[in-house]
Amino acid sequence: MARKLRAGEDKMTIHVYAKLKDYFEPEFELEETIGNTDQLQEALVRINGGASELLSTCRFAVREGFIDNTFKLEEHDIVVIIPPSSGG
Amino acid sequence: MARKLRAGEDKMTIHVYAKLKDYFEPEFELEETIGNTDQLQEALVRINGGASELLSTCRFAVREGFIDNTFKLEEHDIVVIIPPSSGG
Amino acid sequence: MISSSSSRPAVEVSPLSAESIDMIGLLSGAHHPGAGAVVLFSGEVRDNNKGRSVLGLEYEAYAPLAIRMIEEILAEARSKWSLKIAIAQHRTGKVTVGDTAVVVITASAHRSEAYAANRYIIDRIKHEAPIWKCEYYADGTKEWSENCNHQ
Amino acid sequence: MISSSSSRPAVEVSPLSAESIDMIGLLSGAHHPGAGAVVLFSGEVRDNNKGRSVLGLEYEAYAPLAIRMIEEILAEARSKWSLKIAIAQHRTGKVTVGDTAVVVITASAHRSEAYAANRYIIDRIKHEAPIWKCEYYADGTKEWSENCNHQ
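Residue numbers (the numbering used here), protein chains in the order written: chain A, 501 to 588; chain B, 501 to 588; chain C, 796 to 946; chain D, 796 to 946.
Hints were generated in silico from the structure; no laboratory data involved.
Relax, there's no trap hidden among the hints.
In silico lysine to aspartate or glutamate, EDC-like type, Cα no more than 16 angstroms apart, as pairs:
hint, chain 1, residue 1, chain 2, residue 2
1, A, K521, C, E938
2, D, K937, B, D522
3, B, K519, D, E853
Quick caveat: nothing in here was measured; it's all calculated off a predicted structure.
Sequences are here, hints too, so could you generate the full structure?
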């Protein structure tokens, strides 16, 4: 997936998959400043509280690698939110 | 394997497989009277003592079913001698 | 996808496929003169799940990460069990009842390794790779599978 | 060879074959709408064994008993793991390096059962069925395998 370079824009882009698409658009932008995955999770719950439980089980990825809450998110990042695999 | 009916003959027929064929013909007849598998094993060791160890690990079958030493062999029986499987 | 213990050219198999999985083609290529055991697993779409009648599934993947994770799982299995061959391919998109959703093929000198590695690979793909399943039911509804660990 | 839990006509597979095993044909027929997991094991002739270079093998069977025992093993596995499909076929006669000597295919709702049953079937066939292997070596000698339990 090619990284988007968008000159002059400082919005964070969010991609969601699978059941998260029941709560969010597959791809959308966040206006607010987000510093880490905890803050991102909080921002998403503000958008749709119904996704709260599901979000608490998700992992996050930037640049095709997993990140945790210690990773410093920057405004132009594309963050992928990864629900649990079905495992079946 | 069709059972051989041989009128007028009272010889026991022996079939051997695999490594036993290094010691015996694949199919041969025994002149002596054999009552059970222990006696059969002894008779075969008398024919070729080199097979003694191998014979002690073999099973015996009559009419496509395994038999043990309690089975009363009769003179017209066809006895199949079954070495251990290779297991590999 | 290169098997380091193989002297033959390795078959390049993409870990994800949007088209039907060519299980027969993959199996036909999965032989090696030093491998006495080949084990194939095919995960196929059942006509029912948890008591509900299923028409088909849709698999969605976060492709770049899914591909990298499957390749890493295969490389780890190859090394751990000295496999001659280890390949896996998972469907994306819509699959119907009877279709193969995922295939794993392993080959090794003896059978214990081929079985163990095969099971290890499918379990890790199912539990770790970012691939999700949406079930379409006969009653017209659909549902994304959540973490259901029955096997 | 009839799977009692199947509503489809069962494929009749002879447990012994003097001709090449049609692994692809057997696998192509081994699908069932209620089976989410298909596992195939192929035992193939390796180019070496215990450090010796192998040209080929010859399998000899006490056919009537071998056939009955394999059928009984399959029936037992079908019942124990509620399999949708359980088939096995073992070669007799000469086989060369790379040839399939024995194939086992199992299919069940979930994968644990298909793996476990497949392994159970091949282990019992290898250890119990009256089928013997003669190895032909590159140095011109041959040898009947005796009880070697490595797997």
